[in-house]
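Undergrad: One line per chain: the protein sequences are U, Z and X, in this order.
Take 12 as the starting number for the first sequence in my numbering and just add one per residue.
Take 12 as the starting number for the second sequence in my numbering and just add one per residue.
Take 12 as the starting number for the third sequence in my numbering and just add one per residue.
The hints are simulated quantities; they were obtained by calculation from the structure and are not laboratory data.
One or more hints might be untrue.
Copies of the same chain look alike in the list, so a pair counts if it works inside one copy or between any two.
[Stated by the list, open to error] In the DSS-like style, the derived pairs of lysine-lysine whose C-alpha atoms are separated by at most 27 Å in a straight line are: (1) 134 to 228; (2) 137 to 389; (3) 63 to 389; (4) 228 to 63; (5) 403 to 134; (6) 63 to 403; (7) 63 to 294; (8) 294 to 437; (9) 63 to 394; (10) 294 to 228; (11) 403 to 137; (12) 437 to 63; (13) 137 to 228; (14) 63 to 137; (15) 228 to 389; (16) 389 to 437; (17) 437 to 228; (18) 403 to 22.
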Amino acid sequence: MERPRHQGMAKNTYMRWRLPLVCLLWEVAMIVLFGVFVRFSPEADAHWEEEKREMNLTSDIENDFYFRYPSFQDVHVMIFVGFGFLMTFLKRYGFGAVGFNFLLAAFGIQWALLMQGWFHSFKSGKILIGVENLINADFCVGSVCIAFGAILGKTSPIQLLVMTLFQVTLFAVNEYILLNLLHVKDAGGSMTIHTFGAYFGLMVTRILYRPNLEQSKDKQGSVYHSDLFAMIGTLYLWMYWPSFNSAISEHGDAQHRAAINTYCSLAACVLTTMAFSSMLQKKGKLDMVHIQNATLAGGVAVGTSAEMMLTPYGSLIVGFICGIVSTVGYVYLTPFLESRLHIQDTCGIHNLHAMPGLIGGIVGAITAAAATEDVYGKEGFIKAFDFTGTYKTRTPSVQGGFQAAGIVVSLLMALAGGALVGAILKLPVWGDAAAENCFEDDIYWEVPEDEESDVYHMHNPDKPASP
Amino acid sequence: MERPRHQGMAKNTYMRWRLPLVCLLWEVAMIVLFGVFVRFSPEADAHWEEEKREMNLTSDIENDFYFRYPSFQDVHVMIFVGFGFLMTFLKRYGFGAVGFNFLLAAFGIQWALLMQGWFHSFKSGKILIGVENLINADFCVGSVCIAFGAILGKTSPIQLLVMTLFQVTLFAVNEYILLNLLHVKDAGGSMTIHTFGAYFGLMVTRILYRPNLEQSKDKQGSVYHSDLFAMIGTLYLWMYWPSFNSAISEHGDAQHRAAINTYCSLAACVLTTMAFSSMLQKKGKLDMVHIQNATLAGGVAVGTSAEMMLTPYGSLIVGFICGIVSTVGYVYLTPFLESRLHIQDTCGIHNLHAMPGLIGGIVGAITAAAATEDVYGKEGFIKAFDFTGTYKTRTPSVQGGFQAAGIVVSLLMALAGGALVGAILKLPVWGDAAAENCFEDDIYWEVPEDEESDVYHMHNPDKPASP
Amino acid sequence: MERPRHQGMAKNTYMRWRLPLVCLLWEVAMIVLFGVFVRFSPEADAHWEEEKREMNLTSDIENDFYFRYPSFQDVHVMIFVGFGFLMTFLKRYGFGAVGFNFLLAAFGIQWALLMQGWFHSFKSGKILIGVENLINADFCVGSVCIAFGAILGKTSPIQLLVMTLFQVTLFAVNEYILLNLLHVKDAGGSMTIHTFGAYFGLMVTRILYRPNLEQSKDKQGSVYHSDLFAMIGTLYLWMYWPSFNSAISEHGDAQHRAAINTYCSLAACVLTTMAFSSMLQKKGKLDMVHIQNATLAGGVAVGTSAEMMLTPYGSLIVGFICGIVSTVGYVYLTPFLESRLHIQDTCGIHNLHAMPGLIGGIVGAITAAAATEDVYGKEGFIKAFDFTGTYKTRTPSVQGGFQAAGIVVSLLMALAGGALVGAILKLPVWGDAAAENCFEDDIYWEVPEDEESDVYHMHNPDKPASP
């Protein structure tokens with residue numbers, strides 16, 4: 012039996028029975044639960060013709076599909092290509108980045124449809140799903156992709172599937188507390204997605220602390236083309252973020268406004284990221300790590316407030332600040348977290364999601380507290396914050412207080428949940444790699460024998476002669 | 012005059028006059044035929060203002076453009092980026108994969124607009140085209156892209172243009188038989204696109220069998236970055252497949268439902284693909300070939316039934332099965348087909364399109380046969396299967412029978428057509444490469460002198476000193 | 012203090028204080044100006060509920076957001092991924108291509124919102140922005156991305172920011188002259204975006220002529236994978252161009268028609284590009300430079316006329332011609348421009364944007380002049396050319412004349428503006444690199460130590476033994 016040559020602890024990373032077992036078990040469970048619980052929402056059901064008549068809709072275009080499907084597809088691209096490729100920056104972990112993100116997201120969206128369905132779309136014993144549920148499932152999985160960023164390269168696919176199971180569950184609980192109990196607004200998920208996902212992931216990576224990780228330090232960097240692959244992820248996240256923040260806002264002006272605010276915030280964020288990336292480096296050169304990540308912080312930070320009357324210049328200010336905070340975080344905080352707090356954060360999600368997520372929650376609380384009927388209009392004011400029914404008498408400042416409470420709840424849920432899940436993942440049965448084999452696709456993937464150098468000099472095959 | 016050094020048959024791959032001639036001839040023909048036949052549909056014509064009044068439409072948003080254009084763009088991405096990049100996995104055939112796919116698809120959509128137009132949109136001597144025609148043209152070309160996958164790396168661009176001409180023609184005939192004569196439902200094309208395209212391509216590659224292909228075996232693999240490029244194709248196909256299967260469904264609930272079913276099927280398919288990819292490999296490692304391809308089988312297999320009341324858990328089951336079937340196919344069937352049946356299937360389209368396409372046809376037939384007024388509602392039932400006019404009295408079980416007949420027709424048309432076209436492509440005038448030059452861009456493309464190794468060590472230009 | 016080793020002029024490319032200063036200054040100015048001027052348009056404002064009632068709109072789907080947002084996102088992808096990756100073809104300038112394009116576009120869209128806002132959306136002292144403004148800002152920045160193509164690899168990021176500031180300003184002035192004073196139609200921007208952007212960039216690169224550029228000639232080529240990255244840019248530009256040309260057309264038939272015409276023109280263009288790429292090369296091989304660029308000329312050349320009744324076959328003819336003109340340009344004109352006119356055009360924008368842009372302007376003028384009430388219908392005719400108010404009596408032939416005048420104005424504005432801005436950029440304070448350091452990311456970017464060759468042979472880490 013082969014054994015590791017290095018001094019590292021011998022680890023059994025053999026996946027042949029464990030990974031298939033978990034995948035098949037998880038999926039069979041999904042089929043059974045979907046069979047018992049999940050049906051189409053009225054707008055996706057063949058009875059829609061009758062439904063339409065009852066609701067006095069004159070046209071098929073009134074189907075929610077047409078309001079939200081383009082945004083859904085943009086969000087879908089962000090989850091699978093955006094997060095997937097963003098993490099391909101590592102020189103030899105591209106397969107794991109894209110492939111494991113694919114795996115956990117594909118499982119996560121199914122489990123999220125169930126968990127969120129039980130909380131939000133449960134009617135007479137059935138979960139009724141439509142396009143908005145698909146978006147919400149993608150959102151929920153987004154928080155898992157964020158947490159994946161912290162532990163990238165250091166975990167087995169089984170650990171990721173286990174983490175996804177727990178994190179999606181806790182996400183749904185936290186989301187229920189915020190949206191239903193606290194009646195908080197958070198359309199783009201600064202709190203529910205980013206704050207929750209990032210602190211969850213940071214706690215998990217803290218628990219899974221690997222003291223000998225410097226053994227694979229040479230693999231923690233990028234190569235020229237891996238940085239370009241990562242830019243594909245960055246740009247799709249950046250470009251489609253306006254869709255992310257507006258995807259589940261109210262029809263009409265709220266969706267429209269959320270897209271504009273996000274567009275502005277992201278634009279400003281690029282400039283301050285570039286400025287500080289150059290300023291904080293002795294030679295004044297730009298660092299791809301910052302451009303790939305900190306440019307996105309502006310999208311995170313208007314996640315709560317984008318659908319409110321933040322105004323375009325307010326968005327610019329938020330983006331301005333977050334580009335700075337995030338870039339400074341990469342330069343000073345990430346090394347500090349690793350050396351002092353033993354938080355090994357592969358992708359720097361603390362800078363891209365945690366801090367901007369908190370800022371986003373705070374900006375949302377302030378924007379809500381500052382709302383007036385003058386700015387929103389009488390009807391717009393009620394519609395924007397859904398001050399109806401039980402919440403008819405809630406005032407903006409009270410809403411601001413609840414928004415602030417939402418931040419705290421998300422943070423606590425994330426830290427407690429991350430600690431719990433981290434402890435579970437620490438069990439020595441999941442097949443994670445030894446420290447010296449981290450950030451290396453070869454452990455879990457068939458990697459092609461790379462004959463590039465040969466191939467590159469193979470350019471003189473038999474050429475046909477010119478006639 | 013230079014001559015091949017290897018023992019292979021000397022082949023004249025010189026394209027200078029042949030390729031331009033075919034391209035220009037084909038395109039001039041298109042211009043003439045478009046000039047004679049093609050005009051705008053009423054919804055794209057400047058007379059729309061009057062049309063709108065006549066049809067009592069109150070808003071411009073009722074224009075079919077707004078129902079279908081976002082889906083069209085997603086499908087467009089699947090054809091050009093999805094298929095194009097999926098095939099870049101070969102280490103030295105990336106230009107050919109993306110470039111020839113671009114060429115044949117750009118020609119194919121024009122010819123498809125004509126062929127499908129004559130069958131479906133012909134009014135008073137003119138073909139009237141709108142956004143739905145563009146989608147259908149992209150669909151038709153999709154079947155050619157599938158067939159291209161089987162012969163990837165082994166054919167000249169002229170052969171591909173000739174094949175496109177014939178395959179699009181036969182596609183349109185087959186589609187006419189299915190949709191109009193058999194009155195079969197097949198919105199996502201399990202039968203018309205996948206079954207037809209795949210068996211057509213497999214037959215062509217069978218006829219073009221190359222006994223000495225092991226001479227270029229070293230070029231049939233991937234390198235690290237070519238596998239990442241291929242994942243771009245995979246993910247765009249996977250993410251946008253809900254748009255593919257819903258793009259030409261009826262407005263409203265049918266489009267909505269088709270997207271949800273496809274989303275579910277694809278999610279399940281990822282998990283079983285990962286499970287079996289690991290299980291079937293001795294070391295338990297994941298194989299990029301499976302992840303790149305078999306994860307998509309779930310989309311193929313709900314191509315017929317996605318717009319029906321398949322239900323989300325039904326979709327999960329279909330995806331579950333297809334991930335397994337497709338991965339097992341890659342491991343066991345592809346080598347068998349090559350060694351025993353002399354079918355050299357470069358991309359494994361038998362596993363990704365042929366088998367899942369057949370399954371999709373069968374699932375569609377069963378779902379149709381099982382339809383009841385109870386599940387669909389009285390109006391929904393008639394609308395879903397278009398049981399009006401001549402088909403007013405058709406029952407679900409009869410419909411199921413016709414659906415099954417559609418599979419058989421598609422299969423036979425594909426095999427007969429593929430044999431015919433394969434024979435034509437075998438003529439020694441099209442400039443295909445010798446066996447030892449297959450899977451090598453250098454035959455048909457200017458390939459850059461690769462100085463990477465030099466460049467990679469060129470990082471110390473004159474640096475400005477810090478002030 | 013280190014000094015350049017070569018004979019080239021020593022240049023101070025140190026960015027540490029200059030780049031941050033410009034970025035922060037620019038962005039603070041944006042925040043102040045947005046604070047003073049920019050507010051939401053009625054359709055994005057929370058008062059929309061009341062607005063809707065006043066406008067008698069019965070559904071939220073009538074919000075312009077739903078007419079234009081999908082097209083906006085496609086255009087957004089073209090600007091950031093399309094242009095960004097198209098320019099990654101250089102072997103060692105991928106970071107600069109994607110990264111500087113990101114920087115200038117993110118700044119440019121903010122300044123464009125202001126400039127275009129003052130001219131077109133200024134009401135009672137405020138610029139009111141909605142989704143159409145976002146599209147127009149992206150369009151405006153598109154012209155800067157085009158100009159960037161001419162000077163790619165030869166300028167500092169500060170120069171690019173300065174150029175963007177001026178070019179956006181002049182763009183807005185030129186656009187105002189064309190659209191408002193001449194009342195010209197130019198929805199896809201053949202004149203305002205392509206002709207203006209290209210000749211502006213060509214003039215700038217002429218003024219910045221570098222006599223010793225052959226010193227970095229070895230870096231002006233591509234490597235295998237950089238050509239594939241560039242194809243990502245090409246394909247996204249090609250696929251989404253129908254959205255580009257239809258994004259700001261009138262609701263309904265005009266948007267629908269513009270997409271169809273562009274689809275047709277681009278399809279034809281691919282075939283003639285392939286034909287001439289092969290024909291003009293002695294060995295008959297295809298050249299990636301042509302495929303990456305000339306295939307797009309068809310989209311440029313229907314930029315003015317796509318929303319008119321150009322008809323599908325008319326579009327095919329335009330695409331047919333432009334594929335030829337553009338490819339011939341790459342082979343014969345680009346070398347001529349460089350050697351004789353001292354115009355160093357890195358990306359060949361003269362072939363992709365300048366000539367096709369002029370052709371597009373001319374095709375637009377002819378199509379407008381040839382318009383009849385018979386072809387457009389009485390109402391359609393008035394709507395298509397907006398022959399209302401002051402322009403009630405304008406005839407098609409007069410419109411054609413004004414269209415032609417628009418070409419001339421755009422050309423003159425571009426040449427004059429480019430000369431002015433080129434002169435400003437020639438000042439020795441902006442930190443551009445010496446000739447021998449052009450086309451090299453290392454000057455402005457932290458480039459990873461490339462250990463690929465090591466990594467590629469690192470594939471035998473400690474493998475777990477099979478049980």
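Undergrad: For each hint given before, does the structure comply? Return the numbers of the non-compliant ones in rising order.
TA: 1, 4, 7, 11, 12, 13, 15, 16, 18
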